[in-house]
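Undergrad: One-letter residues, chain by chain:
There are 4 protein chains.
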Amino acid sequence: MRDIQSESDYREIHLDRVGVNGVRYPIRIKDRQDTFQHTNALINLYVNLPKEFRGTHMSRFIEILNRYQSDLSYSKLKNILIETKESLKANDAHIEILFAYFILKSSPVSNIQSYMDYTCQFIASQNDRFDFILEVNVPVQLVCPCSKEISRYGAHNQRGNAKIKTRMNGMVWIEELVQIAENAGSSPLFTLLKREDEKYITEHAYDHPKFVEDVVRDIALPLERDKRITWYQIEVLSQESIHNHNAYASVTKKR
Amino acid sequence: MRDIQSESDYREIHLDRVGVNGVRYPIRIKDRQDTFQHTNALINLYVNLPKEFRGTHMSRFIEILNRYQSDLSYSKLKNILIETKESLKANDAHIEILFAYFILKSSPVSNIQSYMDYTCQFIASQNDRFDFILEVNVPVQLVCPCSKEISRYGAHNQRGNAKIKTRMNGMVWIEELVQIAENAGSSPLFTLLKREDEKYITEHAYDHPKFVEDVVRDIALPLERDKRITWYQIEVLSQESIHNHNAYASVTKKR
Amino acid sequence: MRDIQSESDYREIHLDRVGVNGVRYPIRIKDRQDTFQHTNALINLYVNLPKEFRGTHMSRFIEILNRYQSDLSYSKLKNILIETKESLKANDAHIEILFAYFILKSSPVSNIQSYMDYTCQFIASQNDRFDFILEVNVPVQLVCPCSKEISRYGAHNQRGNAKIKTRMNGMVWIEELVQIAENAGSSPLFTLLKREDEKYITEHAYDHPKFVEDVVRDIALPLERDKRITWYQIEVLSQESIHNHNAYASVTKKR
Amino acid sequence: MRDIQSESDYREIHLDRVGVNGVRYPIRIKDRQDTFQHTNALINLYVNLPKEFRGTHMSRFIEILNRYQSDLSYSKLKNILIETKESLKANDAHIEILFAYFILKSSPVSNIQSYMDYTCQFIASQNDRFDFILEVNVPVQLVCPCSKEISRYGAHNQRGNAKIKTRMNGMVWIEELVQIAENAGSSPLFTLLKREDEKYITEHAYDHPKFVEDVVRDIALPLERDKRITWYQIEVLSQESIHNHNAYASVTKKR
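Residue numbers (my numbering), protein chains in the order written: chain A, 1 to 255; chain F, 256 to 510; chain Y, 511 to 765; chain V, 766 to 1020.
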């Protein structure tokens, strides 16, 4: 059968990325306890396409995902990308793995356990050098400092999302970024809370009012002090309970 | 050209609904001030398909939407469905029109105006008789009564959505259902608020704590008293600010 | 601490459903090979609320999910709902578990294996009796019979989704419904295909052109013959490649 | 009332962007015929926040949107951003306006008209200089060249999306980018087609098979020749009808 994809192209246009997008796959990832966590991922895997070739070979991307599906931990990403480059005869390879990551948390007073889900993403590229971005999304509660200050009682508050992306020169765990973000909000969120926990969280959150601007800065401070972090981007979105839109703040910094 | 859709079918299976789904269209709808509001809609239009026929003619649905696009108000729905039945030689026709509806609201203290969007839906069917359901989604703030009661200060609160569906024997305006839902929450939401408004809303909401269960019941009470309402369904979802999941309550009642 | 939820309510309005919505949880489900499949679920768990009580106790729902998280197979649903009823002192309990289910499939010619994801849902209720609906979503290819017939060559085709819901009086596996839907489309979908597979699928699909109406009926036929099926609902949506909207057909039948 | 937002901040962290996100608003935009098109938009409006200040004033963003809501055409963006900078005492302002844009199209043979929706975005920034990116999303049909070549008959095809972003040094209309993308696919899409149109499109598409790579390149070629274009990014996604995932290709180029 004719291999149209390998035929030569006359248009003289190099493509930055070609490949498969939105592959929903069951994967396993090593967590901080060095045990495997099973989860579902949405995966994009791309290579560059030199101007000489008409198309890429989409099935090879899936063959590689198949081989690594039982361990898609951070430590395997470089190998996947090198294998992808070789298989597709490309100079660059790029992968994005979006997944739900579950952490067993204890409630603050009653100490009962439940799983909280954090949407995470591995974003990695390989050409001559390897580049890796870890993305962690952490839901947090935000109590509005302005509302608290100007009101005789109460303060509007709401669920928000803190998205942290980092480049690192040493291992940083998802759990570490989660803790930084949860410390920066008015309160962390929990799946299971008894009433004594709810009382504690309500009062703690009211004692720590935060604008989206505050949460971004209070995440940035420990990242600034951390020698492993070489670049970060922080975006915080607050689903305002008094508006039908969101408040937003962000910062991006290379160190 | 052969008309395959009109050919006879041997499988002896009547289909309840066939047609077009997810048609994104610019429409106009009459509002309470009898002026036309321009908005965008997502439209489904279906008929039944008797077991004798293999398929329906999808283009005719679009031709009908085209004719009515400049006025898709409630009063035109019956005509659209009758025309659809005739055009497709069907016994039943059914339409769903999902659209953003904008209401110009004044903030509670400073009285400045801004538009709030309410996702609404017209759901109408015509066979021997005409059936119409009006759906209105109203974002509201909910202050948790339990959190307020057990905490020394503060109370977790959040944005929620109150969905009301009604069948009626007389005209009920979207604006009326919006007001019922906004009265039933701890506070309405606004797009534009100055600080004096934020103070008012914070205190007002704290003075009116509501569970999702309360909001459903406080919407149901005025619907129960309203002689125009013959059936209702109320669903309230609260995007809990202390959890990463929602609280939910609902009731459906024929009167 | 005062238990506000348990206090009496004066509004005389019984609520059909109250509880937790959108809980994202890691679960395990037994598959046809009797081995556990790990996946992620989005869970709703509700009870009714008699008119005498002001609210439900949201944390108890999560405690129950926690206990069953390691085995949320079909066979456990009745126990979960009975436990929920007892824990919340309710007459009705209702659960919805939406999850990605992965099946290892072999490509039609080269016989290489890859995982395909099928979005499934368990919908179960318990009052005096137990009710269970199995929902399976199966992506299929649809080649348009009209386009094939009227054109000198080619035929537009596209990805579609066949949603089957069934009530049963005997065990029906997800895999069985997947196979029925895949047989009813022009071709099944695969995550990994080599060129010989692509040739086979292209020709096979062209030889089996199907309208959405055909797919619904060709799913209904084997369900009609199956004595285990007591009720079914079939909805097929085709993401038309020549339109920016979808074609739709459905049937619901109690037997 | 104390103005907490204006108080000084000690954390020494400048924020790139703070403001409102996801404001759903009814807007009007001038189209190529110089008439106003009414549509709905989802708007983000941000400024930078110097390290000296604790927060921004969210209500001022909405006041500005209110003033420009009746004409949010391209020509007004610079004024909006300058006004936002002044109102918030900021150095940078940034706006993103995502909206559905409708074009009345004639079908290729029968010449009947219907509206097609194209999701567009204005992305504009103002600091010392003004930067503007026009984004247009164009649904197209893609017939797979490999499938056509290796199969005795038929060819799998599907709906895809071509996203074009451009920076320009002269006016480029949305309609121009739509036409470039529609020429680059195997066939444009239409909301309303009669059978003679469907025959034409089926044969035309089969005669013009395109990989995602081809569509990207065939969009890039006219952009390369256009002296008004100073930068472009093209991303094409094909919702493969034989897979449950997508094929993807992209290129970004500054000229």
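A portion of the hints provided could be inaccurate.
Said to hold, decoys possible - Some chain Y residues near chain F, calculated using beta-carbon distances under 8 Å: (1) Arg521; (2) Asn554; (3) Ile633; (4) Asn637; (5) Leu733; (6) Tyr758.
Stated by the list, open to error - Just the calculated beta-carbon pair ranges, DEER-fashion: (7) F:Glu262 x Y:Ser597: 46 to 52 Å; (8) F:Thr507 x A:Ser106: 34 to 40 Å; (9) A:Arg225 x F:Ser361: 26 to 32 Å; (10) A:Lys78 x F:Val364: 44 to 50 Å.
Bear in mind the hints are in silico, worked out from the structure with no lab data behind them.
Backbone N, C-alpha and C define an ideal beta-carbon position, used for all residues, glycine too.
Undergrad: Any hints from earlier that this structure breaks? Give me their numbers in increasing order, please.
TA: The structure conflicts with hints 3, 4, 5, 7, 9, 10, although it agrees with all the remaining ones.
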